[in-house]
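Undergrad: Going down the list, the sequences are from chains A and B.
Going by our numbering, the residue at position 77 of the first sequence is 77; the numbering climbs one at a time, nothing skipped.
Going by our numbering, the residue at position 343 of the second sequence is 343; the numbering climbs one at a time, nothing skipped.
To be clear, the hints were calculated from the coordinates, so they are not data collected in a lab.
Owing to the predicted nature of the structure, the values given are computational and were not obtained by experimental measurement.
One or more of the hints may lead you astray.
[What the hints assert, rightly or not] Okay, derived cross-link-like pairs now, DSSO-like style, lysine-lysine, Cα gap no bigger than 27 angstroms in a straight line:
| hint | chain 1 | residue 1 | chain 2 | residue 2 |
| --- | --- | --- | --- | --- |
| 1 | A | K93 | A | K263 |
| 2 | B | K393 | A | K263 |
| 3 | A | K205 | A | K43 |
| 4 | A | K304 | A | K58 |
| 5 | A | K58 | B | K200 |
| 6 | A | K205 | A | K263 |
| 7 | B | K130 | A | K205 |
| 8 | B | K130 | B | K200 |
| 9 | A | K263 | A | K179 |
| 10 | A | K306 | A | K93 |
| 11 | A | K58 | A | K251 |
| 12 | B | K130 | A | K206 |
| 13 | B | K130 | A | K43 |
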Amino acid sequence: MSKLVLRRLDRNNEEMLVNFGPQHPSTHGVLNFLVETDGEVMKRAIPDIGYLHRSLEKIGEMVGYPGYMPYTDRIDYLAAMFANEGYAMVVEKLIKVEVPPRARYLRAISCELNRIASHLVSIGTMATDIGAVTPLVYALREREIINDLLEALCGARLTYNYHRIGGVAFDMPEGWRDKVLHYLDRFDSSVQEWDRLITWNEIYKKRLGGVAVISREQAIDYGLSGPNLRGSGIDWDLRRDVPYGAYPDFKFEVPVGRGWTGKVGDCFDRYYVRVLEMAQSSRITRQALEKMPEGEVQAKVPRKIKPEAGEAQSRIESARGEMAYYLVSDGTERAYRVRARTGSFMAMGIIEDISPGLMVADLVALIASLDVVAPETDR
Amino acid sequence: MAQFSFAFPKPGTKKLLLGASLAGAVGIPVLLACLLVFLIPMVHKPVFDAFIREKLGHDPSTWAGTQWTYAVALFLAGIVMFTFAAISGGIFSWYERRVAGRIQSRIGPNRVGVGGFFQWIADAVKLLFKEDLIPAEADSVLFRAAPYFVVAGMTLVFVALPAGQAIVVADLNVGIFYILAVTSLTVVGIILSGWSSNSKWALFGAMRAAAQIISYEVPAGLAILVPVLMAGTLSTQGLIQAQGGWPWEWFFFRNPAAAVAFVILFISQLAEGNRTPFDLAEAESELVAGYLSEYSGFRFALYFLVEWANLWIIGAVTTTLFLGGWQIPGVTAQDWAAVRGTGAFPAWGWWALQFVSLGVFSLKTLLQVNIIIWIRWTLPRIRVDQMMQLCWKYLVPAGFLCMLFTLLWQMVVLWAPLVEKVTAVVVFAAFLYFTWRFLKQTRDNVSLIAHERVDLSNW
Numbered sequence: 001m002s003k004l005v006l007r008r009l010d011r012n013n014e015e016m017l018v019n020f021g022p023q024h025p026s027t028h029g030v031l032n033f034l035v036e037t038d039g040e041v042m043k044r045a046i047p048d049i050g051y052l053h054r055s056l057e058k059i060g061e062m063v064g065y066p067g068y069m070p071y072t073d074r075i076d077y078l079a080a081m082f083a084n085e086g087y088a089m090v091v092e093k094l095i096k097v098e099v100p101p102r103a104r105y106l107r108a109i110s111c112e113l114n115r116i117a118s119h120l121v122s123i124g125t126m127a128t129d130i131g132a133v134t135p136l137v138y139a140l141r142e143r144e145i146i147n148d149l150l151e152a153l154c155g156a157r158l159t160y161n162y163h164r165i166g167g168v169a170f171d172m173p174e175g176w177r178d179k180v181l182h183y184l185d186r187f188d189s190s191v192q193e194w195d196r197l198i199t200w201n202e203i204y205k206k207r208l209g210g211v212a213v214i215s216r217e218q219a220i221d222y223g224l225s226g227p228n229l230r231g232s233g234i235d236w237d238l239r240r241d242v243p244y245g246a247y248p249d250f251k252f253e254v255p256v257g258r259g260w261t262g263k264v265g266d267c268f269d270r271y272y273v274r275v276l277e278m279a280q281s282s283r284i285t286r287q288a289l290e291k292m293p294e295g296e297v298q299a300k301v302p303r304k305i306k307p308e309a310g311e312a313q314s315r316i317e318s319a320r321g322e323m324a325y326y327l328v329s330d331g332t333e334r335a336y337r338v339r340a341r342t343g344s345f346m347a348m349g350i351i352e353d354i355s356p357g358l359m360v361a362d363l364v365a366l367i368a369s370l371d372v373v374a375p376e377t378d379r
Numbered sequence: 001m002a003q004f005s006f007a008f009p010k011p012g013t014k015k016l017l018l019g020a021s022l023a024g025a026v027g028i029p030v031l032l033a034c035l036l037v038f039l040i041p042m043v044h045k046p047v048f049d050a051f052i053r054e055k056l057g058h059d060p061s062t063w064a065g066t067q068w069t070y071a072v073a074l075f076l077a078g079i080v081m082f083t084f085a086a087i088s089g090g091i092f093s094w095y096e097r098r099v100a101g102r103i104q105s106r107i108g109p110n111r112v113g114v115g116g117f118f119q120w121i122a123d124a125v126k127l128l129f130k131e132d133l134i135p136a137e138a139d140s141v142l143f144r145a146a147p148y149f150v151v152a153g154m155t156l157v158f159v160a161l162p163a164g165q166a167i168v169v170a171d172l173n174v175g176i177f178y179i180l181a182v183t184s185l186t187v188v189g190i191i192l193s194g195w196s197s198n199s200k201w202a203l204f205g206a207m208r209a210a211a212q213i214i215s216y217e218v219p220a221g222l223a224i225l226v227p228v229l230m231a232g233t234l235s236t237q238g239l240i241q242a243q244g245g246w247p248w249e250w251f252f253f254r255n256p257a258a259a260v261a262f263v264i265l266f267i268s269q270l271a272e273g274n275r276t277p278f279d280l281a282e283a284e285s286e287l288v289a290g291y292l293s294e295y296s297g298f299r300f301a302l303y304f305l306v307e308w309a310n311l312w313i314i315g316a317v318t319t320t321l322f323l324g325g326w327q328i329p330g331v332t333a334q335d336w337a338a339v340r341g342t343g344a345f346p347a348w349g350w351w352a353l354q355f356v357s358l359g360v361f362s363l364k365t366l367l368q369v370n371i372i373i374w375i376r377w378t379l380p381r382i383r384v385d386q387m388m389q390l391c392w393k394y395l396v397p398a399g400f401l402c403m404l405f406t407l408l409w410q411m412v413v414l415w416a417p418l419v420e421k422v423t424a425v426v427v428f429a430a431f432l433y434f435t436w437r438f439l440k441q442t443r444d445n446v447s448l449i450a451h452e453r454v455d456l457s458n459w
């Protein structure tokens, strides 16, 4: 535990100081919160991050441009496709390579399938944290098939390393298209099943509705993005508002929190936005598979990538909000600086200011609803 | 997708396992039932005396150590009840995991015996062999003692809990009051375990559990008063004798307030037994494992033994109070007396009828156990303030109203007994209607997903 965090504690009061983590069942990954509580009511919860720090940004300066691709998987193990795509896009900007249309579509398909998988884990663990153990198993059952599909596409189930600078690693295998479409038919009905399984459960609504409300202004001030931002009622999605890749070709809606069970921006809104987003992802994947153009999946990229000195930035809509890469090149084969901006880190920042007055059980709901993943905060 | 197969070590082993599992699944309950039916009625002095006099040909009053004989018989009965509690708790733990497997679209334990039936024995043996770890900073004496309070709180209930017409160790005249009182002993154990663990999470869990159990005893007590007022007795056997075998003779249907009181009592007992949605004390996602956090080995197993044995208690108490207990439909008190015969030692027919009454009681209880397990794997957990609100804002006032209504109701029934019969038929019809609605809804839900196909092949 860092001294910086400890210094901020006031030890001359009556509150109990509890270490919420790093080995706590409901801190997703290795997170630690220093929780000052007065009985069940929290005074505040201070996030203490860094347990999963693996110098991923520094590694980007040590290995070459193509060699960094597998490391990006580890930034967010639940949604590795996005980290892949963000990094591929930023290098492409730097060396000015145009990605072939088929590769763009494959990127969109793999990302959207990955988004569904990531959201399934998010809402499944959310239900588990609230105390309903059953929905997680249903979520993982659906995710398992996505894992199988992505394994067929790129050979890996978790850390995909699928995207390449200038395209993707492999074209889709024979018969894969029909398998995905068949699965999506099944998945659309399972979203409805999810509604009946847990979403509109009275206790579940009571536990999440009106809890840990993040207002529009707060959400913007703290730099929240993705489903957390949209849960607060702000209609902002990079796929639609700053389109990249193949996304301009698709029609989809951006679900926004409406205060379904209480106030706009409560835990339930953040939760339900994710459920609705899964249906939209399914819709995008379907369109992409139908409109899939023929052609190459990899642009011509020099064997040795040696961009001119300069800098580039890319932004994509990850499952955990905006993922941005900032890359500085000094003209050599290795990057001068790689910087990844991730959604979870921003989400961690807001916890301390939202937590005062919440119950200990609400802290669990808050962490789960922000969908914080530890490696993404620490990198 | 990978197909998993399990190869049995030898060709004959599968048959052996099947035989052993079946023998266990059938044999253990049958053995328990025989023990209950033949040993527990013996505890009652007249039957015991008659047994010695008629079957063994001795006169107990001439023996030197007569009192000791009775003491030994009582001790045996105590062991039988304890075994019953422990084994039913173990079997429930297996059953719960099987049901959870079905609910969660997976298989559940299926390795130890066919259908994983011996899983509970394997788990208990495993936990026995584990190190009995006591944290260095813990208050070691209290830490070791705490599980025994919890176990005592559970087992003492079985003294007054009936399971058949004559199957009750002691038919206390304050039976239900006694049950309510000894259940509270678990709180002592839980607070001790939370405090002595010297862990903040354990303390959290203990405080939650204490607040919860003590609070929910109030609505439970009020709900229990309703059948007590209707029967005019606190004795568990007396309460059952005041009801009849047919559903419309049960307290549940004879008084609208009793139906409400049943729901209140059921919810309160879920809370007292720390079952979902009231499992706040051991809420895994919030408090790691609550007051159990620091326990390991057999002391840990004892807590879970109590939790699962409590399932039987929850079902048995509501069955006794509201659902007619062991009363067999169509068999009246006169029939029981006729079957018993005029001799001091009951005739064989009477013992056979005891089996039937035990079966009726078990059926009602196990149905409720099943519902409790369904609830556990369906519902999320409520928050601690919501739990308190539910208790003091809704259940306690509702319990009071039920009690007051019952007082008036008993006067009305005294004045016009027909009212009770009409109500019973109406409430029973309503109950049947809602059961039908529930089953239809379930069927519709299933057919939406499975298209008319209900897959039970996993069992």
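Undergrad: Determine for every hint whether it applies to the structure shown.
TA: Verification of the supplied hints:
Taken as a hint, the K93/A and K263/A pair is broken in the structure, with Cα atoms around 41 angstroms apart against an allowance of 27 angstroms. Restraint check: the Cα-Cα separation between K393/B and K263/A comes to about 24 angstroms, which is no more than 27 angstroms; the hinted pair holds. Distance hint between K205/A and K43/A is fulfilled; the C-alpha atoms sit about 24 angstroms from each other, no more than 27 angstroms. As the CA atoms of K304/A and K58/A are separated by approximately 21 angstroms, the hinted pair is consistent with the 27 angstroms bound.
A hinted pair counts as satisfied when its Cα atoms are at most 27 angstroms apart, and K58/A with K200/B does not qualify at roughly 38 angstroms. Between K205/A and K263/A the alpha-carbon distance is near 12 angstroms, which keeps this suggested pair within the 27 angstroms criterion. The straight-line distance between the Cα atoms of K130/B and K205/A is roughly 41 angstroms, outside the 27 angstroms bound, and the hint therefore fails. Proximity of K130/B to K200/B is assessed by CA-CA distance (about 24 angstroms); at most 27 angstroms being required, the pair is judged to hold.
A distance of roughly 40 angstroms separates the Cα atoms of K263/A and K179/A; the hinted pair therefore is violated under the 27 angstroms criterion. The hinted pair formed by K306/A and K93/A meets the criterion: a straight-line CA distance of about 13 angstroms does not exceed 27 angstroms. Between the alpha carbons of K58/A and K251/A the distance comes to roughly 39 angstroms, so the proposed pair goes past 27 angstroms and is violated. Taking the CA atoms of K130/B and K206/A, the gap is about 41 angstroms. The hint is violated against a cut of 27 angstroms.
At roughly 39 angstroms between alpha-carbon atoms, K130/B and K43/A are farther apart than 27 angstroms, so this suggested pair is violated.
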